[in-house]
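Visitor: Chain by chain, the residues run as shown.
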Amino acid sequence: MSVERESGEGPPEWEEAPAGASVRGGGAIEATSRAAVGVPAVDSGLRQRRYRRTLGIVAFVVALGVVWESAKWLAGDPWRLPALGIFHDPPFRVLQLSDRHLPHLWDIVAAFGEPFQRNAQYNLASYLIDQALYTGQQALIGFSLGALIGIVLASIFVHSGLAERAFVPYVVASQTVPIVALAPLIVAGFGRGLTSVVIIATYLTFFPVTIAALRGLRSPDPRALELMRSYAASRWAIYLKVRLPASLPYLFTALKIAAAAAIVGTIIGEGPGGVPQGLGRAILNFNQQYITGPEKLWATIFVTAVVGIVFFMAVRVAEILVLRSRGQREMSA
Amino acid sequence: MVFGQAASTQTRALEPISLTIPPGEFVSLIGPSGCGKSTLLRIVGDLIQPTAGVVEVNAKSAHEARLDHDYGMVFQAPVLFDWRTVEANVALPLEVLGVSRSERQARVRAMLDLVDLGGFLQHYPHQLSGGMQQRVAIARALALAPALLLMDEPFGALDEMTRERLNAEVLRIWAQTATTIVFVTHSIPEAVFLSSRVVVMSARPGRVTNVVEIDLPQPRNEQTRESDRYFELVTEVRESLRGRGGQVSSARLRADGAVG
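Residue numbers (the working numbering), protein chains in the order written: chain A, 1 to 333; chain B, 1 to 260.
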């Protein structure tokens, strides 16, 4: 995004004095000239779009559920629900759709209410919530560190072409090594525990942030930089007043990716990291118990997905708040 | 202020040029694309280094003049910062200089009043039309009360009517602030209307082919645009651009009966 916007977005030239403009015409024209003078755009059109978007998401989830159960209706294990009087034998048999591999949705939901282990005091729901909070904390730390490192690295690279040429190849190479291979190494080096988990999460987070921040820091119109030079501004002033603000939209795009990466990194790290808690630990446990209770693993998977979505949405909300208040626009996606 | 010789880069953007501009004058540089007028402007602004020659602004070197904030610059695009309000945009050079907040506010308001945008302090650039954005850019360029204003085709992206209105605005601002203005343009009518002198340049290699003195009376207005002398001068500049060189005598113009 360049520093300025080339024409095309404001009111047309002949509306030099929008306050006094008497524009007759359809409702659409009026709405445009009002928006041009800075009236907030939360009009009915925007609200409608929001309803439709939420409706779309809900519809999608419902459709997913329908597909899930329909597949089992066609090719899963026999359905036996005496309470509802349903006795159904599916015409086909696909192993992956059996009750063991793909439990019925209501069984998964029911599992939330049952004790998460034999003789356990807590039910699955509260157990998973605890683990989710624990993982969320680690992910937040990893995310913050990764974001910080990414911005610092990008800031160094934008001012020193030498540093960039020297280090970017290593930065890129670091991401191509699979994390499942690196995780045990990190644990071996830093011991089992939270340190390793946070390191792994940071590791997966900093790369997209570095690349996007670099792009963003370089995005200002060269004439904006000429302008600053004409004021004899220092490089630090240029960085603070031009590059950093211009990079925010790019940064937020990468932070959304980084949010997901931080969650994944934390969960992966919790396995070999050997921490006694967290969603990664829960997944490992329920994996071992899969034979007796596949619903619990699925429940954990759903909770993990929800945590990822919550993280993502948090960044998205922050993006909207920060950028709109500064008159900038979000980049799509 | 004096331009010395100036030439630059391997592609020989500019032949040696010698140009002197007395303070308070309004000088236009006009020429086809590639004639080096923007390059020359940036050399004066110490944004490009000439390969040879000396540029003096206000009896200092261009470099010193830049460090002393002796000039303001306006580009073809407004180059405003999206994330700053109009007020904050105009305040930018004052911020860089470390001017106190209260002084900044006063100066910014004064400049925005000068360009007739006093009611738009809290607006964001994207809420303004192109012409209004360019006026903000002019206000910003004047924020430090520079002795020299460098304008690089500032109205090139605007429509004709807005352009003529802004021409009148620039003349008004020039009269009120007594700044020296170097104005690069593609438009012959604009150059003649605004300047006391038009420097005609040609391309490949960039060089000055002619300097046309504009003796139209001040203050200039719509009537000026419709006067005979105006058309004569426009023709003179046009002929220079076509490379017929030298000054076309007014006698020849009358004999042909052709105007413009």
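None of these hints come from the bench; they were simulated from the model. A virtual CB, placed ideally from N, CA and C, is assigned to each residue, including glycine. Do not rely on the hints blindly, as some may be mistaken.
[What the hints assert, rightly or not] Label-pair restraints from in silico Cβ distances:
1) A/Ala163 / B/Val54: 46 to 54 Å
2) A/Pro169 / B/Gly53: 52 to 60 Å
3) A/Ala318 / B/Ala59: 32 to 40 Å
4) A/Ala318 / B/Gln49: 55 to 63 Å
5) B/Gly53 / A/Arg235: 21 to 29 Å
6) A/Arg324 / B/Ala175: 19 to 27 Å
[As the list claims (entries may be wrong)] A few chain A residues that face chain B, going by a derived Cβ cut-off under 8 Å, partial list only:
7) Asp221
8) Arg223
9) Ala224
10) Leu227
11) Ser230
12) Ala232
Visitor: Each hint should be assessed against the structure and marked as holding or not.
Guide: Hint check:
The beta-carbon spacing between A/Ala163 and B/Val54, approximately 37 Å, falls outside the hinted interval of 46 to 54 Å. For A/Pro169 and B/Gly53, the Cβ-Cβ distance of about 43 Å falls outside the hinted range of 52 to 60 Å, so the restraint is violated. Separated by about 53 Å at the C-beta atoms, A/Ala318 and B/Ala59 break the suggested range of 32 to 40 Å. Between A/Ala318 and B/Gln49 the Cβ separation comes to about 44 Å, which falls outside the hinted range of 55 to 63 Å.
The hinted range of 21 to 29 Å is satisfied by B/Gly53 and A/Arg235, whose Cβ atoms lie roughly 28 Å apart. Between A/Arg324 and B/Ala175 the CB atoms are about 41 Å apart, so this pair departs from the stated range of 19 to 27 Å. Look at A/Asp221: its Cβ gets to within about 6 Å of chain B, closer than 8 Å, so that hint holds up. A distance limit of 8 Å between C-beta atoms decides the matter here; for A/Arg223 the minimum to chain B is near 5 Å, and the interface restraint holds.
For A/Ala224, the shortest C-beta to C-beta distance to chain B is roughly 5 Å, which falls under 8 Å, so the interface hint holds. Proximity of A/Leu227 to chain B holds as hinted, the smallest CB-CB distance being about 6 Å (cut-off 8 Å). At a threshold of 8 Å, the smallest CB-CB gap from A/Ser230 to chain B is about 5 Å, leaving the interface hint in force. With a cut of 8 Å, the hint placing A/Ala232 at the interface with chain B holds, because the nearest CB-to-CB distance is about 5 Å.
This entry does not satisfy hints 1, 2, 3, 4 and 6, going by the numbered hints stated previously.
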